[in-house]
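Student: One line per chain: the protein sequences are X, Y and Z, in this order. Residue numbering for the first sequence follows my numbering, beginning at 1 and increasing consecutively. Residue numbering for the second sequence follows my numbering, beginning at 1 and increasing consecutively. Residue numbering for the third sequence follows my numbering, beginning at 1 and increasing consecutively.
Because the hints were derived from the structure by calculation, they are not lab data. These numbers were taken from a predicted model, which means no experiment stands behind them.
A pair holds if it fits inside one copy or across any two, identical chains being indistinguishable in the list.
Here are the simulated EDC-like pairs of lysine to aspartate or glutamate, each with C-alpha atoms no more than 20 Å apart in a straight line:
| id | residue 1 | residue 2 |
| --- | --- | --- |
| 1 | Lys-26 | Glu-41 |
| 2 | Lys-26 | Asp-56 |
| 3 | Lys-26 | Glu-71 |
| 4 | Lys-26 | Glu-16 |
| 5 | Lys-26 | Asp-78 |
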Amino acid sequence: MAGTMFKLVVILAEPEIADRIVDDVKRLGARGYSRYEGYSEWRRGRGPDDAPGPHDFAGPHARIETVVRSEVAQAILDHLAVTYFEHYAVFAYLADATIARRDRYV
Amino acid sequence: MAGTMFKLVVILAEPEIADRIVDDVKRLGARGYSRYEGYSEWRRGRGPDDAPGPHDFAGPHARIETVVRSEVAQAILDHLAVTYFEHYAVFAYLADATIARRDRYV
Amino acid sequence: MAGTMFKLVVILAEPEIADRIVDDVKRLGARGYSRYEGYSEWRRGRGPDDAPGPHDFAGPHARIETVVRSEVAQAILDHLAVTYFEHYAVFAYLADATIARRDRYV
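All chains should be built: construct the whole structure from the sequences, respecting the hints.
Tutor: Next up, the structure:
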């Protein structure tokens with residue numbers, strides 16, 4: 001395939017921290033991002049009875065996506081974890097993505 | 001990468017069965033899901049002339065996503081196939097996803 | 001997993017060319033697509049100072065997704081690159097996707 005391997009980073013976050021996360025993503029090296037609105041529910045209660053915990057979430061969320069080099073993806077995840085995971089509802093995952101590079105064609 | 005391999009399950013479904021599918025996804029083991037609204041068209045007519053069939057679809061859809069362990073992903077796909085594929089417009093796919101686990105950081 | 005490997009193609013494009021891209025995607029072999037609305041920013045300035053260039057973009061975009069065979073995915077990317085990359089804000093990437101095939105179940 002004509003393309004280069006990158007990482008897709010998908011971040012679901014409660015709306016009040018979405019703008020901060022966009023700023024973080026740009027500052028950590030992303031050349032772009034996209035943003036969508038959705039609804040989500042998740043629970044993170046852990047313990048003997050898997051009881052609902054303080055990090056459970058149900059409501060509208062911002063979905064922020066960016067496609068970046070692997071090091072940038074890891075830096076974003078580390079930053080999110082250290083900065084937000086304790087006190088905010090933030091969920092993030094990575095997937096492999098092959099991008100169509102403009103400079104391969106024009 | 002600091003993360004654990006999971007499966008992203010993406011389900012596109014006609015809106016009237018979206019709530020049922022969310023219930024299915026939670027009952028089958030997902031700890032969370034997210035939901036978006038979109039528009040889609042697809043055709044599944046098969047035969048010598050690839051004629052449009054009864055499962056063709058064009059209209060608004062609900063997009064339901066969840067990130068789960070591989071066994072849960074397979075259980076969700078099997079359930080969708082057996083329960084909905086015959087009579088409803090439902091499309092689903094899986095992709096690998098590496099999640100940022102809160103318990104790795106805090 | 002009960003499924004077949006396909007390619008997910010994700011295209012982010014400025015809204016005015018979204019309908020054309022949907023037509024392209026269908027003509028190039030996709031049996032379906034889905035479409036969402038979002039907001040995005042990206043910059044593609046390149047040069048010694050990485051200065052903002054004419055292809056920078058900030059605003060609403062259409063997100064067009066399709067899951068297709070690998071050859072169709074490559075044909076779509078090649079077509080997008082040749083047709084739009086020079087004059088429009090279009091970003092595209094591929095990821096592996098395993099689909100739940102109806103004909104495996106019914």
